[in-house]
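Trainee: Mind docking chain B on chain A? Use the hints.
Note that the protein sequences, when read in sequence, are chains A and B.
Just add 290 to wherever you are in the first sequence, counting from 1, and you've got this note's numbering.
Just add 290 to wherever you are in the second sequence, counting from 1, and you've got this note's numbering.
Treat the hints as calculated values from the structure; they're not laboratory data.
Computed from a predicted structure; not experimentally measured.
Be aware that a few hints might be false.
Dumping the calculated DSBU-like pairs for lysine-lysine here, alpha-carbon to alpha-carbon at most 30 Å [to be verified]:
| id | chain 1 | residue 1 | chain 2 | residue 2 |
| --- | --- | --- | --- | --- |
| 1 | A | Lys327 | A | Lys412 |
| 2 | B | Lys327 | B | Lys675 |
| 3 | B | Lys470 | A | Lys669 |
| 4 | A | Lys470 | B | Lys412 |
| 5 | B | Lys327 | A | Lys470 |
Just a sample of chain A residues kept apart from chain B, beta carbon distances all over 10 Å, derived [as the list claims (entries may be wrong)]:
| id | residue |
| --- | --- |
| 6 | Ala295 |
| 7 | Asp296 |
| 8 | Ala344 |
| 9 | Arg413 |
| 10 | Gln536 |
| 11 | Ile537 |
| 12 | Glu540 |
| 13 | Asn548 |
| 14 | Ser582 |
| 15 | Gly688 |
| 16 | Asp750 |
| 17 | His754 |
Even glycine gets a Cβ: it sits at the ideal position worked out from N, Cα and C.
2 protein chains.
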Amino acid sequence: MTSPADLYATHRELLERAVAAAAARDYWSAFPESPSKSVYGEDAAPAGERAFAALLGKPFPIEVPGASGTVSTEHSPYGIELAVSYPKADPLALVAAARAAISGWRAVGPEGRAGIATEILKRINARIFEMAHAVQHTSGQAFVMAFQAGGAHAQDRALEAIAYALAATTRMPAQASWSKPQRGGDPLSMTKTGTVVGRGVALVIGCTTFPTWNSYPGLFASLVTGNPVIVKPHPGAVLPLAITVQICREVLAEAGLNPDVVTLAAEQPGDGIAATIATHPDVRIVDFTGSSEFGDWLEANARQAVVYTEKAGLNTVVLDSTDDYKGLLRNLAFSLSLYSGQMCTTPQNLLIPRDGITTEDGARTPEQFGADLSAALGKLLGDPKRAAGTLGAIVNDGVLARLTEAAGAPGVVHGSEAVADEQFPGATIRTPVVVRLDSADDKTYTREWFGPVSFLITTDSTEHSLRIFTETVRAHGALTALVHSTSPAVLDAAREAALDAGVHLSENLTGGVFVNQTAAFSDLHGTGANPAATASLTDDYFVAGRFFTLQSRHHV
Amino acid sequence: MTSPADLYATHRELLERAVAAAAARDYWSAFPESPSKSVYGEDAAPAGERAFAALLGKPFPIEVPGASGTVSTEHSPYGIELAVSYPKADPLALVAAARAAISGWRAVGPEGRAGIATEILKRINARIFEMAHAVQHTSGQAFVMAFQAGGAHAQDRALEAIAYALAATTRMPAQASWSKPQRGGDPLSMTKTGTVVGRGVALVIGCTTFPTWNSYPGLFASLVTGNPVIVKPHPGAVLPLAITVQICREVLAEAGLNPDVVTLAAEQPGDGIAATIATHPDVRIVDFTGSSEFGDWLEANARQAVVYTEKAGLNTVVLDSTDDYKGLLRNLAFSLSLYSGQMCTTPQNLLIPRDGITTEDGARTPEQFGADLSAALGKLLGDPKRAAGTLGAIVNDGVLARLTEAAGAPGVVHGSEAVADEQFPGATIRTPVVVRLDSADDKTYTREWFGPVSFLITTDSTEHSLRIFTETVRAHGALTALVHSTSPAVLDAAREAALDAGVHLSENLTGGVFVNQTAAFSDLHGTGANPAATASLTDDYFVAGRFFTLQSRHHV
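For reference, chain A alone in the conformation it holds in the complex (with noise of 0.2 Å):
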């Protein structure tokens, strides 16, 4: 058995370093994102995928109390057949399950818990190239990408979260010696003591975009903080969670602990146990990734919990003037393109002033940029295979039918077209379609178009442009935003009206960074501060909800 204490002692230095970075903001990465055989050695690949393979058409092996029968809900968009079952869940078996495990999981203390999740994540990491397979066949991501997002970036992310979650809750001294000086007599003397206390149950729900990524930093954070969680995957991608949830539970009782602290609830589609547990009274923290319409009924109806919340939004581009043109375009349409635009992250509204823009050569028209982004999205996606690479599959129908809705509208300066993969023949592969419209068409722009849809909006200014941005962007959310400007005053005003419109702002993205990413450790994502998410991954806030310091105090 390794205590948690133990497993403590053992990562140490790998979370001072991680609570440092956090604070510096500086670059830096704990899981490298190359799958190459020189990082993770010669057998990692091919050994990943055997253990994938072995997971195919059969029961996944985890332990879920109060299960009865299995559910199996996946497909691969890149068309292989997965049918891999996992245990029903009993959302109140579940619940009782998380509130057993409270005052064991509370008496580990948060040095030990942030112990024990760093060897969890630790061990996340030994298995990144099958959890890469996994994300790949569930979200429709590309390998690569699936290896980075939903591997090194993701346990990064986790790292960052444990990082905040350990820092916060060390703040306070555990233990402090209080003594005021009296007129005349001896000083009053008091010992105090802290102790850090979970709030609750708390419930992470999954998205099939990115399953692990978007739900480690809750994952992680409710854990370090004190609380059992409850994991509860999307039907469409419930492999690397359940992969996920397994290590836990194997870390949990190594260390002797109850490993119901962490447990993985599958069910069927149209079941709705997200809903029965977010909404019980035990559960008192939920985080979410996905849909506005259940984001926001989570934030009206699980009243007994902190909601943490990532929905929709338009993402904005504010086009006014480059010195770098082709660069521009080369950024932009590798973010429309990558993974599909099936990103959170990626741009919608692309909004350039009537009389165009001004390049390094010289004006270009809202027609003529059309015409120039489409140029550059064929000429990334010309060749077949290093296409597939960048867009990923489609990973469901809904995305496909906004994407044909999109596709038929009038004004499109840009086509999607299939995409044959060499690999896998059932791949649903598209390029992103491109649509022009006015700054009237308020009504098109204004919802979002989750996929690879996005609009060249002409607008009467850079000024309208920036007010349009502002004023959709407080009412409907964004994740992202980003300037093309080479004028210190339009600069300026776009960090105000970022500022006002509470989004973060990329300016002049013209190389190897894009909007679509963010650096852990780094890259606040999302702020709290615009429909779109009630809170930044990661930062104080995100963590300071998830438990409470007690105190108790005598005399010396």
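Mentor: Chain B alone, transformed into the frame defined by chain A:
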């Protein structure tokens, strides 16, 4: 004009000391609690009294945007005529004025805002005698207590909130460099800027009993995190907050800022402007101290805001054993008597096993304990002058009605008596009532009897007492709990029970520290973990929800 940066420079050392004290949680105080001449100077007391007298019978000199007409709503519990009138607020005009102040206040930045807030606090401290009279004649606190709790301690709590808000808003660097190595190329390098953005317009709703102490943490936390604040005093205790807002506006204007960053919302009782303002879409933060009824209403209805409430509770004492019986009685009698039990921290439910408690003088049955406690109250309050100094005055008819109801119940072990005051013959002063109940009388003791009413409740055993303690506090809340025991096993069980109940615990208080008092920078007040309060005063959670950090990034 003194700029916010100048004010930050002026107060920087004090702020750094406060941040360090809040982190260490040892004894520290910035504002002396003694009203002696040696501390505040020869003339401070008479000058303060003159300043207070000069306010009476007149319109209070303060500008309120959009106000029309005046209100005059206060009555001194000491029977003197106040007749101060205030501009009657128009809630929509106040919200509009606050909203107009947002971007200017945001631009000041965390350090500048902390500088402004500390300057405000220094000027409040310079008027501490005037403030003490204002608190005395609205809350009914005796003068020395009004000077301490309404003056120095409230100012310490305010500085603590400023320190937490400053630390939280500067923990993430305002500027960071990020440089990610690239295989076979130059690193990707970016500059990242973090800007603190307040959540929106803040509302602070004050109470009659602690108009400053309970309002200052929310007021100063919201200010320093970048939010304009509307201060809505209880109609019975306007003056202390009117003075506070007057000083806020004076400092803001002198610094060249919009004084509407802080405004006063005075109303006629029954106008209900707190509800109107709290549910306005632009109001994003609400701080409230008062009844559970309105607190619960705010939590349910001010859905667009984060709501911090401090409401009613069942403060509990678990009596098991002691080796200082006289000290226990003296300490408890004082806790029940101080400010006539009109503190949210005064013990109400005293749980004693049927077989009695063991003391250094042998066992004491519940009956004997009741008699001994009554005698201790008699001794403490025997001298009318000293009694008046401890008891203060009864704040309103509601408290008086509860006192009369309790005093008419069977099982009274200490009856309430009127006490005459030399200086203020019109003062309403009463000694506390203690009533014996059985553990089965939970209909009576599970509601809060705010005021000088306590119950000595017979239980089957200490274990039973701890069970009642946990169950009643989990269900109905509490701000304080106290255990008396010489048994390490019982103390351990009491600590575990307090963690389960979600309440801070004091142990074996027999000297000069009382369960109803908490010290800024060391003791937390409220936990968030039981229904009596949604957060502690003051920790990171109390400030973290008041702001967001928004990033912008660009290549170097």
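Trainee: Could you work out which earlier hints the structure fails to respect and list their numbers in ascending sequence?
Mentor: Structure breaks no hint.
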